[in-house]
Amino acid sequence: MSATFFYMLRRYRLSVVFWGLSLAVIGTFVVLMYGSVADKQKSIERIMKGMPLIVKALAGDVSQFVTPVGWLHLKYFFVVPVSFGVFAVVTGAGVFVHDEEQGRLDLLMAYPLSRTRLFLARCASLAVATCLIVLVAWIGMSAALPYTELGVSAAGIVLPFVSLFLLMSFFQALALCFSFILPSRNIAAGAAGIILIVSFFLEVFVHVKPKLMMVARLFPLRYYQGGMATHGLNVLDLLVLLVATSLALGVAWKLFLSRQIRVMGEGSFRFGGHQ
Amino acid sequence: MPSSSAAISCQGVTKSYGANLALRGIDLEVPEGEVFGFLGPNGAGKTTLIRCLLNMIRPDGGNLQVLGRCPQMDSVAVRAETGYLPGELNLDTALTVGQILTLFRRMRGGSVSPRKVNVLAERLQLDQSRPIRHLSKGNKQKVGIIQAVMHEPRLLILDEPTSGLDPLMQREVLTLVQEAKARGASVFFSSHLLSETEEVADRAAIVRAGEVVVSGETSALMRNALVRVSVTLERAIAMEVFDHLPNVWVMANRNDRDLALQVRGELDALMRALAGHGVQRFEPVPATLEDVFLSHYLRMAS
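The listed protein sequences correspond, in order, to chains A and B. Numbering (the numbering used here) for the first sequence: 1 to 275. Numbering (the numbering used here) for the second sequence: 1 to 302.
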């Protein structure tokens, strides 16, 4: 089981470097930018007043701009899930189906490892890789904190990153689940990605159309606390994400146990004729 | 541990992919310690059966036993004692040969020594420092063969093992098969190359469209095969003569005097028919497994 775990972790190493550094650079930039807007709330509010509804919605609550937590949330933690989500849905959908579509899973599954242990090893390596990315991102942001007037400590932004990790884990589990139901890895990643995007826009527009709250509650971003978790994690929201992730993983595990492993070239529900 | 004299036992195994019936009730028995040739053209159901044996796919019906165990209920134990070479071998191209063999060794739980792997790599002339992405098909096949045999399994399942290998390496692989047999292992050898099956297999089965059309000892199968006979006559013979000989087919004819024939069973009737036409040459060619294969296909087609 450890051989599979470390083999998969090795495969994620470039993603860890790329995504970790990218998120760290963005985080550093956002933190350092705070000083330039901290004393400009009045002028920002004046400019935003004349903007169309959609721009206001996308910009977020302007009054939050000048608070350290509001700034970090609106400019980093709220938008990062959309880009980092690409990693989540692609890797989640590819945990098994990538190797299956490449025709490599047959051989790997001929080794004496039960499907449950194989599932655990691969999911654990993805979770660790995601955790490492979040860790690098946290280090990047933390390194810039002493040079700003945010007044937030490195320890203070741990919980928002925990919240980010949980949200990404949910989308990975969802994409993994979809990969066992939908015809291909790309379609599975796309389906999970659509849910992420819809969820994001619901959160954007719920500020200008409160009636959307009912729908937004059905989507995962509602339970993601982002920068607001600097004040502490909302346990209920945390539990909702944890339960949803566990549920998606549980369904994915059951589907994998009964899965008929496809050979390369089979990309649909119907198996092509092969010898 | 369950005991059984059969390494593989299949009874009425069926498997379909949607409307496509891939296995239509496969019955076969592979005795322990034997090399069993599983022959058939592409699409006959060979790989489907192998994938059922290793629990990658599940049969729709019938009963399967591998080394006395049910591969669906006890798949880890079955795979621990089995070495498998897939027909379509795809390896992680980001690794080197040495790295992937180390991975395979570790996935066997450390039961294989690095030395054993090195010996096999040396024997197959495989450079372990080379990246997989730079390997030819034949060299990738060598990686597949090493990982299948390195733990000296009780059962070797080889799907087209010599595919992509040069003649020297083909011979080396057949030697490995014979060595596995010599230490008491069973080998399930799927191939569409009849010559190599004939060389190493104690028994063989021919599968067509998901059904075993014939199985038995390789030598017995060849005895019952079509015999090719080349004949040269002094005087021309009317082709209608052969219409009355039920087990004789004219494959080639030149001037009604030089003939290539295929005969099933006794040659007596043919010799009687040719008598009186001045037989100058009568050369029966010994049957090969190829002939067995073709004879069954000709029979099915007719």
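Worth flagging that the hints you see were computed from the coordinates, not collected in a lab. Mixed in with the good hints there might be a few duds.
[Claimed, not checked] DEER-style ranges, computed between Cβ atoms:
(1) B:265 <-> A:257: 50 to 60 Å
(2) B:268 <-> A:102: 50 to 60 Å
(3) B:5 <-> A:239: 51 to 61 Å
(4) B:136 <-> A:235: 39 to 49 Å
From a predicted model like this one, the values you see are computed outputs, not experimental measurements. We put the CB at the ideal spot given by N, CA and C, even for glycine.
Does the structure break any of the earlier hints, and which numbers would those be? 4
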